[in-house]
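What follows is the residue order along each chain.
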Amino acid sequence: MNPDRFLGPHKEIARELFQGIESLPLVCPHGHVEPSLLASEEARFPNPVELFLRPDHYILRMLYSQGVAMEFLLDTDKEPLELWKVFAQKFHLFWGTPSGIWLEYQWRRTFGMEDSLGPHNAEEYYHGLAEKLSSPEFSPRALFKRFNIEVLATTDRATDNLEHHQAIQKDDWSGRVIPPFRPDKLLSFQAPNWNDELGALQRLVSADVFIYQGFLDGLRERRQYFRSLGCVATDHGCLTPFTDRLSTAKASRLFDRALRRNLELAEAQSLQGHLLTELAGMSCEDGLTMQLHCGAYRDHHRALFEKFGPDKGADFPVRVNYTRGLEALLNTHGAHPNFKFIVFTLDESNYARELAPLAGHYPCMRIGPPWWFHDSLNGMMRFFDQVMETAGVYNTAGFNDDTRAFCSIPARHDLWRRASCRWLSGLVADDILAIEQAHRLADELAVGRARDAYNLTAQSAAVAASAGST
Amino acid sequence: MNPDRFLGPHKEIARELFQGIESLPLVCPHGHVEPSLLASEEARFPNPVELFLRPDHYILRMLYSQGVAMEFLLDTDKEPLELWKVFAQKFHLFWGTPSGIWLEYQWRRTFGMEDSLGPHNAEEYYHGLAEKLSSPEFSPRALFKRFNIEVLATTDRATDNLEHHQAIQKDDWSGRVIPPFRPDKLLSFQAPNWNDELGALQRLVSADVFIYQGFLDGLRERRQYFRSLGCVATDHGCLTPFTDRLSTAKASRLFDRALRRNLELAEAQSLQGHLLTELAGMSCEDGLTMQLHCGAYRDHHRALFEKFGPDKGADFPVRVNYTRGLEALLNTHGAHPNFKFIVFTLDESNYARELAPLAGHYPCMRIGPPWWFHDSLNGMMRFFDQVMETAGVYNTAGFNDDTRAFCSIPARHDLWRRASCRWLSGLVADDILAIEQAHRLADELAVGRARDAYNLTAQSAAVAASAGST
Amino acid sequence: MNPDRFLGPHKEIARELFQGIESLPLVCPHGHVEPSLLASEEARFPNPVELFLRPDHYILRMLYSQGVAMEFLLDTDKEPLELWKVFAQKFHLFWGTPSGIWLEYQWRRTFGMEDSLGPHNAEEYYHGLAEKLSSPEFSPRALFKRFNIEVLATTDRATDNLEHHQAIQKDDWSGRVIPPFRPDKLLSFQAPNWNDELGALQRLVSADVFIYQGFLDGLRERRQYFRSLGCVATDHGCLTPFTDRLSTAKASRLFDRALRRNLELAEAQSLQGHLLTELAGMSCEDGLTMQLHCGAYRDHHRALFEKFGPDKGADFPVRVNYTRGLEALLNTHGAHPNFKFIVFTLDESNYARELAPLAGHYPCMRIGPPWWFHDSLNGMMRFFDQVMETAGVYNTAGFNDDTRAFCSIPARHDLWRRASCRWLSGLVADDILAIEQAHRLADELAVGRARDAYNLTAQSAAVAASAGST
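Chains as they are written, first to last, in numbering that gives the first Met the number 0: chain A, 0 to 469; chain B, 0 to 469; chain C, 0 to 469.
Keep in mind that the hints were calculated from the coordinates and are not lab data.
Any given hint could turn out to be false.
Copies of the same chain are indistinguishable here, so a pair counts whether it falls within one copy or spans any two.
[Stated by the list, open to error] Derived SDA-like pairs (lysine to any residue); straight-line CA-CA distance at most 25 Å:
hint, residue 1, residue 2
1, 10, 84
2, 89, 456
3, 169, 302
4, 10, 248
5, 249, 23
6, 89, 454
7, 10, 0
8, 311, 362
9, 84, 433
10, 77, 50
11, 10, 377
12, 84, 447
13, 311, 331
14, 184, 172
15, 89, 3
Here chain A stands alone, though its shape is the one from the complex (with noise of 0.2 Å):
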């Protein structure tokens, strides 16, 4: 592979930059791996189309777009060859997309193949990957120690018994593995099962959860449980970011409303926005980060969902706003010394006109790397481009990888590190910043940022050290 790779027109500096950077260990504050894979020294991936492929919606959606049956590429019964065929055949798809470089990355430097994957080669390049896959040098806790993860944060629901993570801490391992607290489904109100999962959170909690305060105690007694595990940070994912603040009283009765079931989508709403408040103010307690990921329209394919579930590809942006939405959290916790509030969009035009100007004002604020559809060189160029103006590097909550495909932590942090310098010397180019500055800079990016807004100190990184060695 071309060491000087998207580098960009000033690759000299590029590459002086990224040389200070290159090595440093990966920073991994959210992602969606599966905490199972590492909670044993004996897992193993599956085969290559388990692990590169049916898992990983960016490949599953191209792929349908162009022809691909859903039922094909789903279908376990059939052997993973012949759909690994169908995907060689089709890899010119992914050509000049993240998922192509990111794909490329794994297979040639994880994994040693020595050429790109194409219809000429398919059988071979899948046996030659499997046969990787089934040695212990690849096992997922060998790869967390090649790869030099310093922390990686799962996705596990507030409501989770984190099973997975207490085996990690148990074991004899190092790695530092953390869950992150994402209560999304309680705040569901009007969703179908949202009494289920409130009878999930009244299992593990002393609170009574069936009255507005007891619920509010639930929450909290899990955020402490979620910590005692090493968790550092809350995730919330809804469709607009609408926050709220209500009376005690007045959301006590839209919560018995939405007991009784009878509460109107509005008043939902309202009281999913009031919530995100409150959990802004549990944060300023307790010192968890506060992420908001939000403007994703869910499931737009009906009959793809009903059929295969969530997580198949057909989850669609929608513009959002930022300013007016976030209003009474900003104004309610904004300014306490004790909170961190990270905000992700997937509305590219808020970058300029609304994050950027936000957390060049509030104290808790920082904003997310750019995510999802965005989390692509151009997509993170962009993302220099419109909001370090305003916002400065320090309102900015460096990377994440965001990945549930383990093995492309190191391609999508290589491509971060690239873009970044890249960015970085065509300042020093314009002599808007001296190289020493840009060197500064670049390490931010690339772990500083990230550790300070997930509170991913020194100290935490002692006393997860400390707590992998119990």
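With the hints as your guide, set chains B and C onto chain A.
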């Protein structure tokens, strides 16, 4: 003219790519050229003012915006040279604009002028152009051949009798000119002249179009007629991309209210949105590619419109959204293997946010090239930058020139092809694509994707050729 | 400082262009400098903290966003040096931001400092600057001359008595300082202090401003007064660019309701929108250029506002639209030959979608330069990229620095001029412009377009000169 123009910073790579596609035929599946121009061997272009200036709303609007009265611009009693001189004097207004680029190409390359237009050479320029225009070498059909046009689509109302298309097909001429099916006026249920248009339809079809099901059948009959003259696509213009799906009973009821002229605005939108879904269903049946152009607020400047009519440069884009707007249509027909659906936008904020993700999932969907105000070098670069990483090249529809200015066709394809190669050369320089991959994608962008999106396969070309020689 | 800074990849062309415009005078038709600074030969700037830091909301917001308390930042009892030291320690927050670029320019070029500011030299830096500020060479008037300012517009309420402007005109000083007419507070019909403002107006004019027609006449009288002191433009700030056109009877009725304090929100918006159209009509009469700045949601952080007042960095952009919003005004006065209308935006998604097409049609309209959060190198490049192809250079309004920081004026023009030449050099490199064309456009962008948009012709300059010498 500089052979490396527009090729950008990686000129050597871009030039190599461009040389590979420069002489490919021009595939023109969407445009506004008058078919009468090509209906006879004897047709000639009028004088330079009537060719380059008066019919071009890009030119009119710019001159008007800088103080040239529309009365003067459109006064056909005036000596054309007088207007040409004003144009020459104001030609600096077009410096750096796509209009300037297109004109320069035509004058220099097609008409062999040696200089740029300016106040100093206005008269000489006019006469030089006028002389050429009167010669047979510069007849529309001669230029059609010289331009190497593989196929040219015009724009025709669903109730047009297509006499010029008939003349072209009957004539002993091999040029392929095809009529798209554009039923907008039949779907403008609240327009004052909707009933007239419906009456025009009734005179052309056997179905009773004054009842809802008959109206649908009438549309089907016309589609079949258009197809008999080579039609491969329909085209739909609307303010916003709203689609809906009504029961037949509901649709019939609204249609009846439309006939009685008492449809409310929201009902009209709903019926129109439903008809778009129905027309998509017809495309599943008959294989006509469906094009959707939306986001233009027409005739904004009402005094101007009332005095001079439409298409005088006072149409302006408005913000639209696709994720929700296309939901009904895509959920109903989006996965049909026979359906191709090309969506164009004037609201670029949708490129990365909505269009690329949607096209990267739904099998039917392709993203149309930069349209109207965005059909420019920067507009194209933004398109490549914001669309390709997520949608991939294969979910786009290649290029169409969308012009009513016949002579500008090669200039527009030239710009697109150069811009494509510029974009691809950046990917090669960044080591994202190998040069062979870039060659293949350049070819796809120049001709392959357009042929595929409009089903203009080799087979169709053969059919057309045989039709032409009948 | 690097003489090639910001000039981009085509440095040689850009440098040649920049050398042609570098020493042109600074035309400053919109800004927020205090006229009192220039009202007397004896005026001096206070210490570095009061000059560079405290009045600059860009600086305040960034320090605040990274944990410096507003109480500390605004405590005038504190030793300024103490604050300066904190500023120096946090100066890395401004790396890569326009504030950093502007400050660097001032310190290095205007004040001759040899180094950048940092924790190591904070005290020395402070004293070095303070010493210079106390000398006559660094008085506001001396700098006005040194900066080569051709004209400087301030920001003045419609009810301001303009005493400083009177003093400047009476004084034997040749600097041209002019007062724009800003009637926002008179149009804030629902503001608690609207009646007070109306009372202030009444004390200044002969018309009876408590009836609608008299209110209009009162505005006319004030416009005339402002014009007598050199005013060439009005300025209007509003949340959204909504304009309306009411009958006089309806407008009178709403005005009466406003007087009785029982105007509904929608009525207030309608009346305000109507007044914008009326004020455009007055511009047709008296030739004052009309400026519209919209899209800022003010005082978002209410606790901060209540404690420290406005302009503390808690104003944030919101999404707006122009195509529909400006329809009433443009339809009523958009083609008037005497009317110039400059529109600014904080929502960049409108550049290519709405503003460039509108300005490329309506004779009155010009697009203002990148404003506020977008007044940066990247913001300017996005402006050039997204506006120019459609609007053309001649439908823009050149540059204005829009600053309250007098000393930053040359830095801001320097950045704009370099960015212009960077943009133009790309067009020359791509063979879109000949170098002579680029020289002419560079000149237009530096001074020509601003003079033209604000009617700051040579004639006006002469009038001002004679007024200055009276």
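Outcome of the hint check:
1. In this homomeric assembly, residue 10 and residue 84 never come within 25 Å of each other (Cα to Cα): the closest approach is 37 Å inside a single copy and 37 Å across copies.
2. Taking the shortest Cα distances, residue 89 and residue 456 sit within 25 Å of each other only across copies (20 Å), while inside one copy they are farther apart (44 Å).
3. For a Cα distance limit of 25 Å, the shortest separation of residue 169 from residue 302 qualifies neither inside one copy, at 43 Å, nor across copies, at 47 Å.
4. For the homomeric pair residue 10 and residue 248, neither the shortest alpha-carbon distance inside one copy (61 Å) nor that between copies (65 Å) is at most 25 Å.
5. Proximity of residue 249 to residue 23 under the C-alpha cut-off of 25 Å is found in neither arrangement, the shortest distances being 50 Å within a copy and 63 Å between copies.
6. Within a single copy, residue 89 and residue 454 get their C-alpha atoms only as close as 43 Å, which misses the 25 Å cut-off; across copies the closest is 20 Å, which meets it.
7. Both within a single protomer and between protomers do residue 10 and residue 0 lie at most 25 Å apart by alpha-carbon distance, with minima of 16 Å and 23 Å respectively.
8. In this homomeric assembly, residue 311 and residue 362 come within 25 Å of each other (Cα to Cα) only across copies, at 14 Å, whereas the closest approach inside a single copy is 37 Å.
9. Proximity of residue 84 to residue 433 under the C-alpha cut-off of 25 Å is restricted to the inter-copy arrangement: shortest distance 22 Å between copies versus 50 Å within a copy.
10. In this homomeric assembly, residue 77 and residue 50 come within 25 Å of each other (Cα to Cα) only inside a single copy, at 15 Å, whereas the closest approach across copies is 62 Å.
11. For the homomeric pair residue 10 and residue 377, the shortest alpha-carbon distances inside one copy (17 Å) and between copies (20 Å) are both at most 25 Å.
12. Taking the closest pair of Cα atoms, residue 84 and residue 447 come within 25 Å of each other only across two copies (24 Å); inside a single copy the shortest separation is 42 Å, beyond that limit.
13. With identical chains, the CA atoms of residue 311 and residue 331 are at most 25 Å apart between copies only, with a shortest distance of 18 Å across copies and 37 Å within one.
14. For the homomeric pair residue 184 and residue 172, neither the shortest alpha-carbon distance inside one copy (32 Å) nor that between copies (67 Å) is at most 25 Å.
15. Taking identical chains as interchangeable, the C-alpha atoms of residue 89 and residue 3 are never at most 25 Å apart, the minima being 27 Å within one chain and 33 Å between chains.
The structure is inconsistent with the numbered hints 1, 3, 4, 5, 14 and 15, although it conforms to all the rest.
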